[in-house]
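**Q** Each chain, letter by letter, is given below.
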Amino acid sequence: MLDRKTSLSANLIHFCRYLRLHDFIIGIQEEQDALASLQMLSAVNTYEDFQLALRAVLCKTHKQVQEFSGHFNSYWKDIQKALDSKLKDKQEEKPVQKEQVSTAQYIHELKSWLYGNNQDEEIETATYSNQNVQSTTSLIELQARDLAEINRWIKVMIQRIANKRSRRYTTTHRKDKIDLQYSLRKNILQYDEMIQLMQKTKKKNQLKVVLICDVSRSMELYSRFFLQFMYAFQTAFSRIHSFVFSTELYSISSELNHNDINQSVEQVLHKVKHWSGGTRISESLQTFVEDYAQKHVDRKTLVFILSDGWDHGDAATMAESMQKLQRKSMRLIWLNPLAANPNWKPETNCLVAAKPYIDEFLPFNNINDLKSMVKRI
Amino acid sequence: MKSIESTLDDLAKQGYIADRAIAMSVYLANELQRPLLIEGPPGVGKTEIAKVLAKIHNTDLIRMQCYEGLHMEQALYEWNYQKQLLSLKMTEQEKKSLSEKETMIYSRKFLFERPLLQAISAEKSVVLLIDELDRADEEFESFLLELLSDWQISIPEIGKIEATSIPKVIITSNRVRELSEALRRRCFYIWIDYPSFEKELEIVQNKLPEIDKTLASQICVFMKELRQLKLDKKPGVAETLDWAMALAALHIDHLDTKIVEETLGFILKDWKDIRTAQMSLSELFEKTGVIQKLN
Ligand SMILES: Nc1ncnc2c1ncn2[C@@H]1O[C@H](COP(=O)(O)OP(=O)(O)OP(=O)(O)O)[C@@H](O)[C@H]1O
Ligand SMILES: [Mg+2]
Numbered sequence: 001m002l003d004r005k006t007s008l009s010a011n012l013i014h015f016c017r018y019l020r021l022h023d024f025i026i027g028i029q030e031e032q033d034a035l036a037s038l039q040m041l042s043a044v045n046t047y048e049d050f051q052l053a054l055r056a057v058l059c060k061t062h063k064q065v066q067e068f069s070g071h072f073n074s075y076w077k078d079i080q081k082a083l084d085s086k087l088k089d090k091q092e093e094k095p096v097q098k099e100q101v102s103t104a105q106y107i108h109e110l111k112s113w114l115y116g117n118n119q120d121e122e123i124e125t126a127t128y129s130n131q132n133v134q135s136t137t138s139l140i141e142l143q144a145r146d147l148a149e150i151n152r153w154i155k156v157m158i159q160r161i162a163n164k165r166s167r168r169y170t171t172t173h174r175k176d177k178i179d180l181q182y183s184l185r186k187n188i189l190q191y192d193e194m195i196q197l198m199q200k201t202k203k204k205n206q207l208k209v210v211l212i213c214d215v216s217r218s219m220e221l222y223s224r225f226f227l228q229f230m231y232a233f234q235t236a237f238s239r240i241h242s243f244v245f246s247t248e249l250y251s252i253s254s255e256l257n258h259n260d261i262n263q264s265v266e267q268v269l270h271k272v273k274h275w276s277g278g279t280r281i282s283e284s285l286q287t288f289v290e291d292y293a294q295k296h297v298d299r300k301t302l303v304f305i306l307s308d309g310w311d312h313g314d315a316a317t318m319a320e321s322m323q324k325l326q327r328k329s330m331r332l333i334w335l336n337p338l339a340a341n342p343n344w345k346p347e348t349n350c351l352v353a354a355k356p357y358i359d360e361f362l363p364f365n366n367i368n369d370l371k372s373m374v375k376r377i
Numbered sequence: 378m379k380s381i382e383s384t385l386d387d388l389a390k391q392g393y394i395a396d397r398a399i400a401m402s403v404y405l406a407n408e409l410q411r412p413l414l415i416e417g418p419p420g421v422g423k424t425e426i427a428k429v430l431a432k433i434h435n436t437d438l439i440r441m442q443c444y445e446g447l448h449m450e451q452a453l454y455e456w457n458y459q460k461q462l463l464s465l466k467m468t469e470q471e472k473k474s475l476s477e478k479e480t481m482i483y484s485r486k487f488l489f490e491r492p493l494l495q496a497i498s499a500e501k502s503v504v505l506l507i508d509e510l511d512r513a514d515e516e517f518e519s520f521l522l523e524l525l526s527d528w529q530i531s532i533p534e535i536g537k538i539e540a541t542s543i544p545k546v547i548i549t550s551n552r553v554r555e556l557s558e559a560l561r562r563r564c565f566y567i568w569i570d571y572p573s574f575e576k577e578l579e580i581v582q583n584k585l586p587e588i589d590k591t592l593a594s595q596i597c598v599f600m601k602e603l604r605q606l607k608l609d610k611k612p613g614v615a616e617t618l619d620w621a622m623a624l625a626a627l628h629i630d631h632l633d634t635k636i637v638e639e640t641l642g643f644i645l646k647d648w649k650d651i652r653t654a655q656m657s658l659s660e661l662f663e664k665t666g667v668i669q670k671l672n
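Chains as they are written, first to last, in the numbering used here: chain A, 1 to 377; chain Z, 378 to 672.
Quick caveat, the hints were computed from the structure, so don't treat them as lab data. Hints are not guaranteed to be accurate.
A few chain Z positions that, by computed beta-carbon distances, are all more than 10 Å from chain A [what the hints assert, rightly or not]: (1) GLN461; (2) PHE520; (3) ILE567; (4) LEU618.
A few chain Z residues facing chain A, derived, Cβ under 8 Å [to be verified]: (5) ILE381; (6) ALA389; (7) MET401; (8) ASN407; (9) GLN410; (10) PHE517; (11) GLU518; (12) ALA559; (13) ARG562; (14) TYR566; (15) ILE569.
In this text, a Cβ means the ideal position worked out from N, Cα and C, and glycines have one as well.
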């Protein structure tokens, strides 16, 4: 039973991901719910209860309820079989490691997401028995493909912005500068090396970016995607300042500046105590305008707000802050994870107030949105 | 509620027939302190869960019935203007500054406390039923979401009021409009469909222990078949119970075409539906008759 339990929590997280690929809405909260729900079960509970418990906490719509047992069976039956054969084969047993899920898992996911998912694949296959890989490979492939694609598009975007920068270099006549456009054309440098080189050279470009990301509870599902996005942005582009807010605004630029994404995320998590609490968009933006805009925003700054706008704060304050931000910046772009939903209307008073001052209002919750955004920038 | 078993027991003791899946959700929502969102067609026992839950926990049920155009004021609080005016009149003689008077009349005892405020200010955790949330608009829904995560409300004239106890929340919806993703994620979700024959029979026998067994099963088969027809308003369990009660009162021990025709009004409220049912009555009846032969 113990052995089963260890791989259980690891597999649980993977099962959550599997569901996510099938249109289940699953964030950290849901993963924690799933773990918590299993802790409520005891030895007397059956395999059926195990399924019911997960169904109770992971399904949020009628459709999901209907589809759940299909997903459950195709995922867990295999693992069950695999585990049984593993338990029989005593030699294969390894010492049980206690699992720390939540943040560790979160960081791990973020990292694998960002770095093309290589380590992830290892871990994932490790939890399956080798005899039973077949039915799960499609899952792994699918995930790897998804994640790699996200990664790729973030890179493309960075590259585009970097290209803007490189154009400026070619106009300078100083000799200590590398002509990046030339390099590109000649294809001498690999993309990654190029980025490294660019980071080493002095950054003289004028374009700046400010990212302001909502990490309140309603945004939970998206904030990990956004955080990764912010980290990726910041590693490749130095004139960037990143902020997060829920009930208050925090600058997280220095946290994201770590070479190690683990440390970055740890620090952000530590700093943002109100992580996934309520939302105060208008107050947070007001703080930004009053305390940071002067320093970080000018006519060459792209300002991104990443939020679902789910707040009923003071509309007047909101409008005022948005107006100031728009005036000061080059472009004010609002990325909204909900906007992709055809039934969604921007009706919270904060969004209604903000709307007139947004230059671009774009849906943003998956790879396709990322792609089309990159194309517009 | 210590386990699913005991939850099933508790529900059964209060006359609520639930399958293991429902019991599991009720149990987990209670243990992990999460609102329970219940969706399903009309009359299948959504509201009933909240009522039963209040009995199980031996606590009050506070019901917030939602409707189109529902405002925060009706859900939270309203100022008792009359009482405020009266109080101003009564203290006319006293030399109080304007601001003193203001503090006096804008205090909690001049509030009409509406369901949500009542629910969070109760000493002992109550069951808060937010019934048919899909009828209220999105604005209300997002306000509710905030309340469900912060457990406090702010009244401009008074300030913040924090919950003295966290209610056990049941939200129901008939899906007139889809509830937001954010709200769904805050809750645990149950879908209750029309009952299976066995479940409905259990409900009927539980509510009407005296009812003839053959009659009860005929009623339930008939209802099950009836719901297969193309009807505007499919009958729920409530209608089954009404009908069963009426038939039992008439001392009827089995169904026949005549009785069904005469009492169709108990189960169908829409005249078009009644006509549809009448037209397929013999077919429906054939299926019901099978049970009779088996018994
Ligand atoms: N599982 C059940 N066990 C016992 N009684 C039930 C059950 N399901 C339904 N009932 C009975 O059916 C009647 C209708 O149930 P209820 O009012 O809860 O329906 P509802 O789903 O809330 O419908 P609506 O959507 O119209 O509000 C109640 O009187 C209740 O006693
Ligand atoms: Mg009801």
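**Q** So, as I understand it, the hint says ARG562(Z) touches chain A; can you test that by seeing if any CB pair is closer than 8 Å?
**A** holds, 6 Å
**Q** Checking hints one by one. Is ILE381(Z) an interface residue toward chain A, by the C-beta closer than 8 Å rule?
**A** At 7 Å from the nearest chain A Cβ, ILE381(Z) passes the 8 Å test, so the hint holds.
**Q** Taking 8 Å as the limit, does the beta-carbon of GLU518(Z) come near enough to a beta-carbon in chain A?
**A** Violated, about 10 Å.
**Q** How about ILE569(Z): closest beta carbon in chain A under 8 Å, or not?
**A** violated, 10 Å
**Q** Since GLN461(Z) was said not to touch the interface, does its Cβ keep a gap of more than 10 Å from each Cβ of chain A?
**A** Correct as stated: the minimum Cβ-Cβ distance to chain A is 26 Å, above 10 Å.
**Q** Should the label of ILE567(Z) as a non-interface residue stand, given a Cβ cut-off of 10 Å to chain A?
**A** Non-interface label on ILE567(Z) violated, nearest chain A Cβ at 8 Å vs cutoff 10 Å.
**Q** Less than 8 Å between beta-carbons is the criterion; does GLN410(Z) satisfy it with respect to chain A?
**A** violated, 11 Å
**Q** The hint names TYR566(Z) as touching chain A; please verify it with the least Cβ-Cβ distance against 8 Å.
**A** holds, 5 Å
**Q** Run the C-beta distances from PHE520(Z) to all of chain A and say if the shortest one exceeds 10 Å.
**A** violated, 6 Å
**Q** For the hint on PHE517(Z), does the least C-beta distance to chain A fall short of 8 Å?
**A** violated, 10 Å
**Q** For the hint on ASN407(Z), just tell me whether its beta-carbon gets within less than 8 Å of chain A.
**A** Result: violated, 10 Å to nearest chain A Cβ.
**Q** Should the hint that ALA389(Z) touches chain A count as held when the rule is a Cβ pair under 8 Å?
**A** violated, 17 Å
Taken one by one, the earlier hints fail for this structure at numbers 2, 3, 6, 8, 9, 10, 11, 15, listed in ascending order.
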